[in-house]
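Residue numbers (numbering that gives the first Met the number 0), protein chains in the order written: chain A, 0 to 351; chain B, 0 to 351; chain C, 0 to 351; chain D, 0 to 351.
The hints are simulated quantities; they were obtained by calculation from the structure and are not laboratory data. Think of the CB as a built atom: it goes at the ideal place given N, C-alpha and C, for glycine as much as any other residue. Errors might be hidden in some of the hints.
Claimed, not checked - Just a sample of chain A residues kept apart from chain C, beta carbon distances all over 10 Å, derived: (1) P49; (2) T67; (3) A71; (4) G101; (5) A144; (6) E157; (7) H203.
Unchecked claim - Stretch by stretch, here's where chain C covers chain A in the computed footprint (C-beta under 8 Å, at least three residues): (8) 111-123; (9) 223-229; (10) 235-241; (11) 259-266; (12) 334-340.
What the hints assert, rightly or not - Some chain C residues flagged as far from chain B (calculated, every beta-carbon gap over 10 Å): (13) G24; (14) G218; (15) G279; (16) S288; (17) R340.
4 protein chains.
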Amino acid sequence: MDPRTPVRRTTMTSTPVRVALVGAGRIGAAHAETLARRVPDAHLVAVVDPRPGAATAVATPLGARAETEVDAVLGAADVDAVVVAASSVAHRDLVVAAADAGKHVFCEKPAGMSLVEIDEARRAATAAGVVFQVGFNRRFAREFAQARDLVESGTLGEVRQLRSLTRDPGRGPSDPDVVPPWTIFTQTLIHDFDTLNFLNPGAHAVDVVATADSLLFPGHATLLDHATVVVRYSNGALGTAEASFAAVYGYDVRGEVLGSEGMVTMGEGASSSLRVHGQGGRTASTAHSDTELLRDAYAAELAELCAAVREGRPPAVGADEAFAAFAVAQACIDSMTTGGRAAVATSVLQEA
Amino acid sequence: MDPRTPVRRTTMTSTPVRVALVGAGRIGAAHAETLARRVPDAHLVAVVDPRPGAATAVATPLGARAETEVDAVLGAADVDAVVVAASSVAHRDLVVAAADAGKHVFCEKPAGMSLVEIDEARRAATAAGVVFQVGFNRRFAREFAQARDLVESGTLGEVRQLRSLTRDPGRGPSDPDVVPPWTIFTQTLIHDFDTLNFLNPGAHAVDVVATADSLLFPGHATLLDHATVVVRYSNGALGTAEASFAAVYGYDVRGEVLGSEGMVTMGEGASSSLRVHGQGGRTASTAHSDTELLRDAYAAELAELCAAVREGRPPAVGADEAFAAFAVAQACIDSMTTGGRAAVATSVLQEA
Amino acid sequence: MDPRTPVRRTTMTSTPVRVALVGAGRIGAAHAETLARRVPDAHLVAVVDPRPGAATAVATPLGARAETEVDAVLGAADVDAVVVAASSVAHRDLVVAAADAGKHVFCEKPAGMSLVEIDEARRAATAAGVVFQVGFNRRFAREFAQARDLVESGTLGEVRQLRSLTRDPGRGPSDPDVVPPWTIFTQTLIHDFDTLNFLNPGAHAVDVVATADSLLFPGHATLLDHATVVVRYSNGALGTAEASFAAVYGYDVRGEVLGSEGMVTMGEGASSSLRVHGQGGRTASTAHSDTELLRDAYAAELAELCAAVREGRPPAVGADEAFAAFAVAQACIDSMTTGGRAAVATSVLQEA
Amino acid sequence: MDPRTPVRRTTMTSTPVRVALVGAGRIGAAHAETLARRVPDAHLVAVVDPRPGAATAVATPLGARAETEVDAVLGAADVDAVVVAASSVAHRDLVVAAADAGKHVFCEKPAGMSLVEIDEARRAATAAGVVFQVGFNRRFAREFAQARDLVESGTLGEVRQLRSLTRDPGRGPSDPDVVPPWTIFTQTLIHDFDTLNFLNPGAHAVDVVATADSLLFPGHATLLDHATVVVRYSNGALGTAEASFAAVYGYDVRGEVLGSEGMVTMGEGASSSLRVHGQGGRTASTAHSDTELLRDAYAAELAELCAAVREGRPPAVGADEAFAAFAVAQACIDSMTTGGRAAVATSVLQEA
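Construct the complete structure from the given sequences, taking the supplied hints into account.
Okay, structure coming up:
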């Protein structure tokens, strides 16, 4: 969203922003609890999930109402904004429907299943004049935000080499067949692609070369569970994005920016400053889930939603960022298909 | 408070615990904001401060009412609990008045200006059957709580040597004459005395020897701005508590427990996982205030207040802990007066 | 070198291994000092450099003799081994000449300017039955050796994702034209290629894709000063090697191995355990040169040379490792030429 | 030793300083190996130990001769300096004998069993004009030396609060009766007393209060295995020295200086930059012995001996430092005896 695009301003009142959550899965439940308990300016009004009981299980303890139909909240007068945490395949339709209903929208990543879908979602939100925020939570993690500030302020000089890494905790999927193709690019590394974009402001990704394999289920037809992607930027910077579906030591998110005047690293996985010294050495605990490691970031991104709604302005991270990150993911798919380098689209026209 | 002492149970309802804050100074304002925005089960109803405008400045942005008289909240039907953040000299009277009015109480440390005062506050709360919690925030800091768990679980074995340290940020008081005598013991190190007690459960402080001086205003009649205290415990453990009023590098809170089976350290002052690498080396930011370093602990201690009220049980840290920590502070004053070792009182009778 | 290949055994005596150093440049001077002062089993006999005065400046303070001709040491009866630290273009010829003269050889990386050259050097050493060690110093850095042990012992499980990084201190070359083409691959990243090989024992590099550019002198015809290389291994593992010629914060060498059972990281650049806490935060010093960061590793690799000579056995890192690392560098050159993925040669026949 | 005191200058030659080691126990054997292998300017000539076989076991592998009588090396023309690592009770006599024989002396701490003994040793060395160095190895540990530099340069401002800590690895002595009384002060904490003195240059210790107990053998008549000592300095600074005989997690040496302009910490026990991330968190290895943790410091202190001998100058740490540290230990004994604060002697006359 162009920062100059006007956003329909919600009448400023002293009441919190009233939010409905769509999708009561793992991350949806976490968002619901965050909205209800940790975002002062949000009021969780309703939780929607078509599965019998799923919405109720999340909504009731939080004092919200449960719905099984999205229309029940899109048509509700007491809902200002919708947080979309449903299956990714439904994201585009839900964003469009919410925008058409005049509701502000926060959508989990990816904002659609293709650049065309994301563009459609973007257009609907722009036409409706609603806030459209995308769930790139790392931008709200304190150290990543600080790193961006150091880049923008010029403290680090010219950006030259970057790294962003995601490793999911545990031993990976038990059934590889349930993982949709290209998941590692469109669902996991999309966070890292956005992080690289975020840490290299003013530049855009030019091309990528992706290397990926199934190391958990060797020879599996579609699963890719480890990937390393090199992204070239318009300012010459070289970015690396790495992902693994199986880190037994916990949820690992790190970043790094080498600039002409210095370097920053973010993320080290220690979940507190406690150090236990025993016969095996000195041990720090590591975080074991995204909701643990990024707990404050999850609250901050939803606070940003409320602030944007309240102030009638585009959110800090919106459709353009969603498009740019997905374009890198799409180029990875192209790179995997050809085995070589693939260009990153900058507009939807290029995707065909 | 004996854990078996019954506490008057607030009728369980779905509404939050309604809290009035007394004392709109720096820490009071922080508590007010925490209650209003970061403790889901609390509802900030009122802020009391006799200074014209002080209560209003804090209360209004948070949607609470401002009062200049304590009686206005002690007599209010919509107040379940009172958080006392007034001047320490008023703590005892406020706790007693709140208890007598049937209000649950959270009191900032110290809970009184002497062991007699703390005992009076304790008796009033017990007689009224209200929750009486004391503001020892470090018990709610994640790493300190983890350390205690490691001690209690036996993982660290017998506790043998401990350290707790507090250094206030900046260059110290601009006017040494406004610092009441013994402040370093009764206001600052009291946190460390409680921390040592907390980390050595089942034992009690036996005696202390305190060494302190004014290094900021050499020769000042009453100011003590640096202090090192050695505390002997009933289980033989040796504790050290250190404080300084002037740490230019920030607010520094650390702890350490050496046990027969291992050692833990807590606190390192880095305020995020960001590391900036420049020509001067690799730099981590440090926290510059208590409300920054202990932000989550402040929320957790007030959540504990609400939970104790809700569940009709004594809080995790109450009058007995307040008494025990103040007894160490009192012994430090005795030690400074005599120059030697001083016994730590275990009951108010010993204080005379 | 096949570990079973017999090596001519130097008669075991109580005298140190007598070493001549060829090439009195920066790293040669460092090797000379290490040999003379920090490797107990080495005796520095002579320093050779054709430039008038260069050998003398290094040799005299260390009590060694200075020579301007290599033949002076190859024909000397009091020289057991030669350490080659001359220009890379001379490495092959010097190794062959030394081997032909019956001298054991330690050669700085790369061991030749092509796979053919390295193969020739290897054959000469094998034919002569002399020790032929290559200067891959990171294998001797404590943490990298520990990481390899953890891999070999199975503690980390299957190797899945690796990283090795080199950043040279400072602001890069003042004159880009004096940097030979492909230096970043053949001189700098060759350390990282060997490190990746070292950390993934039993597997070999299959193909690479290299991304590199001149960010210091944009548009320069041949200089590549930043590079990111992705290496695929025969066991499926994905390696990333990164290099920069310009790290203002110091000399930065790091490594990382993700295995199915855990992850290790090596290198953090703090040159001591000192932490300075000031108004800008908490700062650790960083190392500013290879000889500072890897000081102990330099001594350990030359101690290994002496041990191999003494014990009549192949060294821990020899011609095969030199060949394997150079094959990755060569594939990077191929990748840069074609823009795509390039196969890694496993024998010299494949190079044509 | 007054820095202006002339020291007899050994004729400058190109041969190393020839050293005899007295006392082939654990630390003596370590010194012997360091002298023979890691101090380029030292040549280990002989090892003396009255126990049959002890000297031979150490000397032979290092190419030195074994002796059972001290006189054999004191009278030897090929010995320039003597390193005394015998039992502490013999230190004074050995230093005096060595000095009288015109040999330079390095003596392990403490340099005597009383201030009188240390003074006698000092006088003998001064009279003979020989170098007399004392084994305070932490002054040669990189981070402690850096900390001192930061104090001396004024970077840290005025010194206000200090800490030095020693914890011996393992579970403590198996037989408490073999530990001489006051060992924790005269043998262990003497390192910390010297460290505090070192880190607070220009000031001297004024008085101490010691708290110590046997926590390993509760009620033992003489063993003190844990101690915490507070030292007041002439510039007002408050120092804390802590020791334990039983750290299961390894050998732990740390230091800390709070100054008016900043703070430094030294020592964290990680023995390399390797971090192992597993299901239990992120683990760093810890050092398990003094010779591991302080390996470089041991070499540096013996290099300093050789340099002082070579340059005909007093060593960096000599009899005055030995006296000052022992004076603190002696005051601790006094403090333990009286239970109160005890003055620190600044001259031998005060000891009576």
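Results for each hint:
no.: 1; hint: P49; result: 38 Å, holds
no.: 2; hint: T67; result: 41 Å, holds
no.: 3; hint: A71; result: 45 Å, holds
no.: 4; hint: G101; result: 46 Å, holds
no.: 5; hint: A144; result: 17 Å, holds
no.: 6; hint: E157; result: 7 Å, violated
no.: 7; hint: H203; result: 16 Å, holds
no.: 8; hint: 111-123; result: violated (count 0)
no.: 9; hint: 223-229; result: holds (count 4)
no.: 10; hint: 235-241; result: holds (count 5)
no.: 11; hint: 259-266; result: holds (count 4)
no.: 12; hint: 334-340; result: holds (count 3)
no.: 13; hint: G24; result: 26 Å, holds
no.: 14; hint: G218; result: 27 Å, holds
no.: 15; hint: G279; result: 6 Å, violated
no.: 16; hint: S288; result: 14 Å, holds
no.: 17; hint: R340; result: 32 Å, holds
Checked against the numbered hints above, the structure breaks hints 6, 8 and 15 and satisfies the rest.
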